[in-house]
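J.: Protein chains in written order, with the numbering used here: chain W, 88 to 710; chain H, 88 to 710; chain F, 8 to 346; chain E, 8 to 346.
Some hints here could point you the wrong way.
Calculated lysine to aspartate or glutamate pairs in the DMTMM-like style (CA-CA distance at most 20 angstroms, straight line) [said to hold, decoys possible]: (1) 19(F) x 528(H); (2) 141(E) x 142(H); (3) 98(W) x 310(W); (4) 227(F) x 187(F); (5) 368(W) x 316(E); (6) 19(F) x 530(H); (7) 294(E) x 279(F); (8) 368(W) x 20(E); (9) 285(H) x 242(H); (10) 210(W) x 220(W); (11) 368(W) x 315(E); (12) 285(W) x 187(F); (13) 141(F) x 120(W); (14) 227(F) x 258(F); (15) 281(H) x 120(H); (16) 99(F) x 250(F); (17) 141(F) x 142(W); (18) 210(H) x 24(E); (19) 285(H) x 218(E); (20) 294(F) x 193(F); (21) 368(W) x 326(E); (22) 210(H) x 26(E); (23) 19(E) x 142(W); (24) 98(W) x 271(W); (25) 99(F) x 315(F); (26) 210(H) x 530(W); (27) 294(F) x 24(E); (28) 19(F) x 50(F); (29) 368(H) x 326(F); (30) 294(E) x 231(E); (31) 247(W) x 220(W); (32) 224(H) x 271(H); (33) 287(W) x 252(W).
Rather than coming from a laboratory, the hints here were simulated on the basis of the structure.
Note that this is a predicted model, so its numbers are computed, not measured.
Residue strings, one per chain:
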Amino acid sequence: MADTAARTDPKQIERVIIRFAGDSGDGMQLVGDQFTSASALLGNDLVTLPEYPAEIRAPAGTLAGVSAFQIHISDHDITTPGDAPNVLVAMNPAALRAELGRLEPHGTVIVNVDTFEERNLAKAGYESNPLTDGALKGYTVFEVPMTSLTRQACEPLGVKPRDAERSKNFFALGLVSFMYTRPEAPTIEWIKAKFASKEKVRDANLAAFHAGHAFGETAELFDHVYEVAPAEQHPGEYTNINGNTALAWGLIAASRLARMPLFLGSYPITPASDILHELAKQKHFGIRTLQAEDEIAGIGAALGAAYGGHLAVTTTSGPGVALKAETIGLAISLELPLLIIDIQRGGPSTGLPTKTEQADLLLAMYGHHGESPLPILAPYSPAHCFDTAIEAARIALEYRTPVMLLSDGYLANGAEPWLIPDVDTLPDIAIEFATAPNHTDADGNPAFWPYQRDPETLARPLALPGTPGLEHRIGGLEKDEAGHVSYVPEVHEQMVHVRAAKIAGIARDIPPVVIRGDAEDAEILVVGWGSTWGAISGGVDRVRALGHRVAQVHLTHLNPFPANLGDVLRAQRRILVPEMNLGQLARLLRAEYLVDARSVTKVKGLPFTAGELEVAILGALDD
Amino acid sequence: MADTAARTDPKQIERVIIRFAGDSGDGMQLVGDQFTSASALLGNDLVTLPEYPAEIRAPAGTLAGVSAFQIHISDHDITTPGDAPNVLVAMNPAALRAELGRLEPHGTVIVNVDTFEERNLAKAGYESNPLTDGALKGYTVFEVPMTSLTRQACEPLGVKPRDAERSKNFFALGLVSFMYTRPEAPTIEWIKAKFASKEKVRDANLAAFHAGHAFGETAELFDHVYEVAPAEQHPGEYTNINGNTALAWGLIAASRLARMPLFLGSYPITPASDILHELAKQKHFGIRTLQAEDEIAGIGAALGAAYGGHLAVTTTSGPGVALKAETIGLAISLELPLLIIDIQRGGPSTGLPTKTEQADLLLAMYGHHGESPLPILAPYSPAHCFDTAIEAARIALEYRTPVMLLSDGYLANGAEPWLIPDVDTLPDIAIEFATAPNHTDADGNPAFWPYQRDPETLARPLALPGTPGLEHRIGGLEKDEAGHVSYVPEVHEQMVHVRAAKIAGIARDIPPVVIRGDAEDAEILVVGWGSTWGAISGGVDRVRALGHRVAQVHLTHLNPFPANLGDVLRAQRRILVPEMNLGQLARLLRAEYLVDARSVTKVKGLPFTAGELEVAILGALDD
Amino acid sequence: MTETTVPVTTRKDWSSDQEVRWCPGCGDYSILAAVQFLMPELDVRREDVVFVSGIGCAARFPYYMNTYGMHSIHGRAAAIATGLAMARPELKVFVVGGDGDMLSIGGNHLIHVLRRNIDVTVLMFNNQIYGLTKGQYSPTSEVGKVTKSSPYGSIETPFNPISVALGAEATFVARTHDMDRQHMMEVFRRAYEHRGAAFVEIYQNCNVFNDGAFEPLTGKANRDDMIIPLVHGQPIRFGADQEKGVAMGTDGRLRIVDVAKAGADNILVHDEQHDRGLGFMLSRLAKGPHEPTPIGVFRAVQYPEYGEEVGRQIATAQERNGPGDLAALLRSGATWRVD
Amino acid sequence: MTETTVPVTTRKDWSSDQEVRWCPGCGDYSILAAVQFLMPELDVRREDVVFVSGIGCAARFPYYMNTYGMHSIHGRAAAIATGLAMARPELKVFVVGGDGDMLSIGGNHLIHVLRRNIDVTVLMFNNQIYGLTKGQYSPTSEVGKVTKSSPYGSIETPFNPISVALGAEATFVARTHDMDRQHMMEVFRRAYEHRGAAFVEIYQNCNVFNDGAFEPLTGKANRDDMIIPLVHGQPIRFGADQEKGVAMGTDGRLRIVDVAKAGADNILVHDEQHDRGLGFMLSRLAKGPHEPTPIGVFRAVQYPEYGEEVGRQIATAQERNGPGDLAALLRSGATWRVD
Ligand SMILES: Cc1ncc(C[n+]2csc(CCOP(=O)(O)OP(=O)(O)O)c2C)c(N)n1
Ligand SMILES: Cc1ncc(C[n+]2csc(CCOP(=O)(O)OP(=O)(O)O)c2C)c(N)n1
Ligand code: SF4
Ligand code: SF4
Ligand SMILES: [Mg+2]
Ligand SMILES: [Mg+2]
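Same shape as in the complex, but just chain W (with noise of 0.2 angstroms):
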């Protein structure tokens, strides 16, 4: 058959969701990486989800250990990393039977043949070889040898064979690179850059990829491949994002916008850590990073950099948030700005530290003694987060007010494509800080009241250390405008009210939402926040598309809420909010804003799919 499949046109395709999945050791996330590259380089729209276990490495083999990154691409916008993946790339057999459920019907199978032996059975739990008792009914699937076929493409190499072996996943991605008819160069060119210092292993991956790439090419196995146009997108330079990158950056872009050096206070813990790595690794930029001997101190060390005039960070997930709870109390007594970034994680308790969950909401805007208010923000995609990070510095500091920013693991480790925006365009967010006495004392002389307030924004001045002639002394105490420490009673009653409305007047200062979708008239209104913007838009379109009238409103600002958001809710028929949690947005609505407000939700440390959410709206609307 000189007139293969291969060497046909390609077929044309308006989206894929292929999974790659294999052992924690098999390199699955860096194949997965690459594999986005080469398709945003392509143009492509896509969203992708890293998944990977809890354990540094656990066995081999076992259904513990299986790591999985999945991929959408498409021609069109889309918002979510699809429901059911077409393809499956399953290294071992525990890849295969911790994945195949989530497939699509009919899907595409490709295995490593050559690990389907008795022993990896039987650590996958398999107690006959699914290759052949039949449990692949209905499924296409294709058996590739991928371990010999590395091992003999690194052979001339002089590469030892167990070296080899650790190639293969470079074979799997040249293959699903042809099938999807990936460009090859841009893959090489970073095959060499990234292992230029170890050169035997990177002649083994590169043969390993051409060997993967020239396998799909002559074996005569597939009947044709596949091409996913570029999508229409707005002109403009492009690069991949993942959330907790854009979050990093998007911090040194506040910094750089508040004229303020950066200074990140942090104790690693996952989803959270690359952050720290990020900011750790671009000191040019004047950051200060310490990685502190536990959470407190991290946000202690950022809470005094910040009344050293820093812009300030601390970064953690839940069960540092819990810790630094006593510490943003004093923050919010002082009135001084902090950004406080929690990548939500599954919980309680140490939970499923590398799933990803939506259930801090309530922490974040109760989780202090005291009547203890601050704004929350919450990024709604991956390259949102670059944003988000400025909207809440912003905030921090006009209002100096400690900002709780809610991302979560799906948003940190899944990438999208972004627009790069012109750095000039990005909001001037300089304060100014006090040089001179604001008050005289009964004496006649100037004195410096660090909360005699703006009585617009009802922000305090703030001094920094180091300004001649405004010596002062600020304290968790209660406290009155002069600074002193004051246990009047209508004092206190009166400082409660004054930061209960500094951060309730913030909703005059942000924009009011939007609808999306059917702005009137719609049979129900879908409220979400966060990462399942893109599930939930889905669901929504699709639930459109099927003839229905559907509103979506998504929340950035969590705490204060949109000044119209009260009037936008009370117009509605019904409203539906998905989280992944118990209904924490929806009580929130429900006491602001008396509105019955029902909850879809999901807590199983995946997100929503857009099926998940077409079926429950649909649902709703029986109601």
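Start from chain W and add chains H, F and E with the ligands according to the hints.
T.: Below, chains H, F and E with the ligands without anything else, positioned relative to chain W:
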């Protein structure tokens, strides 16, 4: 005038509110306590309100150093320390200045006139002498040279004048005891016992007390003395008790009723420390107390003891609750019984450490990461702390869950007469520990599954270390019924729901709310929780006395709410929720039941008065 | 529990049914083996042993022991174990964790559990790295260490865990390493038998994120010249032929000397029970695992154990006041009757 | 700020307008006075000085200094000061607090700020009690102490703060007491001038809850025989006629000896820069303030200071990569254009 007023029959009055105020060093709390005891022995109903400054000893004679003790005694059932005092005893100018504003119009002022000289007036910020400049017009003022009379009385004892002066508080006590016909004997006995080891001090105090009494009898200042008849009370044996003691005793009782030793892990903090002090004293009950290195260690040690089968408790205030958040999450995940006791004080941050507030309800409810529900209880009066401690222990043990108990500074230090319960009538709250396997594994061997739940309560079996054959591991990672770590999405979702259902299910096991006042057809329902009970009851009674129909519900169980609460609320025309915060219970009720609960708030570090609530309720009726 | 003798067991009895999930080649395996081999030699029943851990790779330890166990939260194991040991003095409580868990977030609980002399055996796996969070430097990492969180090299002076423990009044302090099962077992046995808090630092190789950190010391070829074994009552000597020794000068300086030159009599005799700082000086001998380093027991002194003292106070209180009468307690203030 | 010389000040300039609210007779007053008298002697401007404190009586200190100040939360001052000192290396940051604040709840931050050698001056007021919460025992209270929380006597071995600091790699460690203003001022000056973390323990009398705790040492009549002054480079001698001294034996034991008998040459010469544990041994000489106790500087060594190292790394990074170009950063991954 042989026929002096003092020798006429005492004038009967229903009730009186007396406020003793002086410098921190003046011993006002001590004489207040003893006046309380004497009144209790007389059979009066009474409620007290001690108030002291945050400093150990602020400079003598300053406003910051004023310490006060208010007592309300009555011949009928009362519930608050009274709105405005009828009598103010002011030991120095600062006390007069700080406290006069609270006195009822035309009230009585008794001052220690010896202290009204220039230096003291200046320290108090008086520019002229209020005794002579007309500032006290309209009040009935008695100027008594307490210091010099005390000195004179002690002279024969050979006590040095400077030492003698220290007894002037007992002079005041003697005088007021005379005015309100308190029997002398119990106070004399008490002085003898209390100062047994310091003879000189004892004798000086006795002399001063007698002198004060005698002064009242002989000086012809008073038209007549007053008598407050005993209140009608249930027959039985009474003692006067404050909230912290009642709580400590309740914990001891619970440990007896559970047949488990008591363990307290705590870190000192005002106003909770006295519970630690009381339990440390009662070691003969087999109690173990650990003054830990911090709040986290306090709850950590308690959790360890709980795991070991002790009735485990940690006590603290707001800042400590914030610090314990992460460990509370672990306790929720482990499902171990544990009592977390928060004696709330003014916040945020260090706030008003010696003042009362109710602003930790939402912290208790939501202050942990992930979906982490736990029961919350709050006592409504000092004596009710005893019952609530037992009820909290019952729930913790039966449902294997940490429980939050929210008291506050007002309950902690306030006292009331308490009908001592018959210990034989207290409930048995003992639970059974696992002693045998509860499962058979795949190979047919017996196994112990630590998360295989009771189908009704959803409680898990507890096997104590030391139990042969039931060795197992527990932890904060998500786990399945067998107790094995599980990251399976469905297992997590199920566990999240089960943990929520377990706590929600406690509603079946707690008493329904009972309506006080007008159960039917009320114009308004007033809902409260915690220490506001007395003031709310007083306010409700006053409004009813004006002819309005008012219903009152006071919640001890705040999570879950009693099963009938929704029905009760939804049947109302208006709902008013008075709280010493910005409306935290109101938020919970609105979110849960979608009822328009309105808030009345007071955040001054002081309890509501019945008068304030009368005004608030009447105001709400107009809406 | 009518039997009075402890049943005979083997390693297998002490191994749980859970799959061990450390990276292949991790030093944690050999520590686990040492503990599992040791347990049958101790006079203890499985049900009376509890392993409490924090979070980290090391902290997974309890899952693999067929005893009672709690995998708690990061840094808090010592606090939790304190409560357990106080409540149940008859149990044998182990605290297990990593250098991050115990010296970073858990530093305060560690020094307090040692100071209080709670009856627990603390096993600290020091791999000089955060393993579970994938390789940040730890409070024991050397200056200059390049990790994800210190791409320009760490600038923090590391803790010397032995010094920290001794500065915190620890009554038993020892060091061992994962390449010597016999030594580990011996040290663990001594720690287990110590009444009060016993602290053991175990040099542990993290072959994924910090491979070979202790190789200069624990590598077979290096041991003779680099490991200084401490033996109570014996002169402190090392080297293939015991040719090197440690001596104290009147200037208050410990020095490594050539035994032949210095004279065997001038070699310092190790004294675990030295109460005023010798162990500390020995802990300062090496500035890191690239210099000759003492292993073994630095300090072992008998001080009152906390739980026992608590028990004694309760007993005293009961002698004085009787065994707690609830009805009487409720009447211990002034009371009155209403009829 | 064009002036280059620091204006001349007096104590009054350094005193804030806030009324001092300690109990009359409290040792805190004399410490405050010593600091306020010292400040004009240091080459520093008021606006460049920051006092950061936790919670406790001692922690009220910042309110009384007419400088910048933060009264933070219990135990966390060292952590907050770490961030401030890193962010603003030109400021002079003091950390002030009590024994409870720094060694109980704040113990971990204390040992880490010392280990990291952050440029702060830590003044720990040790009154061996919790003052502000009205008299519970503290981690430095002696065994047997009867307090509200230990009615049967405390059973906890106290920390020796000097030992803790030395065990935590502190580069400057000293002790002084509230009855000797000159000594306080001298020690504070040395601590202030030290680059890196300086730890000073100040024996402080709490006359309300723990009166006379240090009287056996600091009482005028007792000082000669009970206080052992440490002076760098000098033999360690004390007594009215310097008749007593401290000597080291080859058995590794420090002893208090009669100088005449032992011979003046055999008296140990104090060496603050001793890098391997002499300061620690000296800290163990007394088991409490009822035995002859060294005061002065136990250790003073020069190690790289943290903030400076951070600055150096930033400078290196900027040399290597230029001063941070935001637009370039956003393009540092693979990019593509859509037209
Ligand atoms: C409160 C909290 N903070 C941070 C983490 C993340 N975390 C888990 S283990 C660990 C450190 C692990 O290092 P180590 O204790 O040395 O153990 P190892 O993995 O090296 O054995 C960290 C930072 C957490 N689980 N909880
Ligand atoms: C988180 C927290 N826990 C507890 C307290 C209560 N508290 C305030 S000061 C203090 C200890 C005071 O002792 P110390 O630090 O020795 O200072 P001193 O008053 O003796 O000067 C305690 C326990 C608090 N304010 N915050
Ligand atoms: S990461 Fe290191 S310490 Fe953790 S299991 Fe792997 S090798 Fe062991
Ligand atoms: S309680 Fe003690 S430490 Fe506190 S101010 Fe009073 S005397 Fe000083
Ligand atoms: Mg480690
Ligand atoms: Mg103290």
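J.: Next, verify each hint and record whether it holds.
T.: To see whether the hints hold, each was checked on the structure:
1. For the proposed pair residue 19(F) and residue 528(H), the alpha carbon gap of about 18 angstroms is at most 20 angstroms, so the pair holds.
2. A hinted pair counts as satisfied when its Cα atoms are at most 20 angstroms apart, and residue 141(E) with residue 142(H) qualifies at roughly 10 angstroms.
3. This hinted pair checks out: residue 98(W) and residue 310(W) have alpha carbons roughly 10 angstroms apart, not beyond 20 angstroms.
4. Proximity of residue 227(F) to residue 187(F) is assessed by CA-CA distance (about 10 angstroms); at most 20 angstroms being required, the pair is judged to hold.
5. A C-alpha spacing of about 15 angstroms is found between residue 368(W) and residue 316(E), which places the hinted pair at or below 20 angstroms, so the restraint holds.
6. Taking the CA atoms of residue 19(F) and residue 530(H), the gap is about 18 angstroms. The hint holds against a cut of 20 angstroms.
7. Our distance criterion of 20 angstroms between C-alpha atoms is met by residue 294(E) and residue 279(F), whose separation comes to about 18 angstroms.
8. The suggested pairing of residue 368(W) with residue 20(E) is violated, with an alpha-carbon distance near 44 angstroms, which exceeds 20 angstroms.
9. The suggested pairing of residue 285(H) with residue 242(H) holds, with an alpha-carbon distance near 17 angstroms, which does not exceed 20 angstroms.
10. Pair hint residue 210(W) plus residue 220(W) holds up; C-alpha atoms about 17 angstroms apart against a cutoff of 20 angstroms.
11. Between the alpha carbons of residue 368(W) and residue 315(E) the distance comes to roughly 18 angstroms, so the proposed pair stays at or under 20 angstroms and holds.
12. With a C-alpha separation of about 33 angstroms, the suggested pair residue 285(W) and residue 187(F) falls outside the 20 angstroms cut-off, and the hint is violated.
13. For the hint linking residue 141(F) to residue 120(W), the alpha-carbon distance of about 19 angstroms falls within 20 angstroms, and the restraint holds.
14. About 35 angstroms separates the Cα atoms of residue 227(F) and residue 258(F), which puts this hinted pair outside 20 angstroms; it is violated.
15. Restraint check for residue 281(H) and residue 120(H): the C-alpha separation of about 13 angstroms stays at or below 20 angstroms, so the hint holds.
16. Note on residue 99(F) and residue 250(F): the hinted pairing is violated, with a Cα-Cα distance of about 41 angstroms set against a maximum of 20 angstroms.
17. Under the criterion of a C-alpha separation no larger than 20 angstroms, the hint pairing residue 141(F) with residue 142(W) is consistent with the structure, at around 10 angstroms.
18. Between residue 210(H) and residue 24(E), the direct Cα distance comes to roughly 15 angstroms. Compliance with the 20 angstroms bound is thereby established for this hinted pair.
19. A C-alpha spacing of about 18 angstroms is found between residue 285(H) and residue 218(E), which places the hinted pair at or below 20 angstroms, so the restraint holds.
20. At roughly 25 angstroms between alpha-carbon atoms, residue 294(F) and residue 193(F) are farther apart than 20 angstroms, so this suggested pair is violated.
21. Distance hint between residue 368(W) and residue 326(E) is fulfilled; the C-alpha atoms sit about 14 angstroms from each other, no more than 20 angstroms.
22. As the CA atoms of residue 210(H) and residue 26(E) are separated by approximately 11 angstroms, the hinted pair is consistent with the 20 angstroms bound.
23. For the suggested pair residue 19(E) and residue 142(W), the alpha carbons sit about 61 angstroms apart, so the restraint of at most 20 angstroms is broken.
24. Proximity of residue 98(W) to residue 271(W) is assessed by CA-CA distance (about 19 angstroms); at most 20 angstroms being required, the pair is judged to hold.
25. Pair hint residue 99(F) plus residue 315(F) holds up; C-alpha atoms about 14 angstroms apart against a cutoff of 20 angstroms.
26. With a CA separation close to 18 angstroms, the supplied pair residue 210(H) and residue 530(W) stays within the 20 angstroms bound.
27. For the suggested pair residue 294(F) and residue 24(E), the alpha carbons sit about 49 angstroms apart, so the restraint of at most 20 angstroms is broken.
28. With a CA separation close to 16 angstroms, the supplied pair residue 19(F) and residue 50(F) stays within the 20 angstroms bound.
29. Distance hint between residue 368(H) and residue 326(F) is fulfilled; the C-alpha atoms sit about 14 angstroms from each other, no more than 20 angstroms.
30. For a cut-off of 20 angstroms, the pair hint linking residue 294(E) to residue 231(E) stands: about 18 angstroms separates their Cα positions.
31. Taking the CA atoms of residue 247(W) and residue 220(W), the gap is near 34 angstroms; set against the 20 angstroms cutoff, the hint is violated.
32. About 33 angstroms separates the Cα atoms of residue 224(H) and residue 271(H), which puts this hinted pair outside 20 angstroms; it is violated.
33. Restraint check for residue 287(W) and residue 252(W): the C-alpha separation of about 13 angstroms stays at or below 20 angstroms, so the hint holds.
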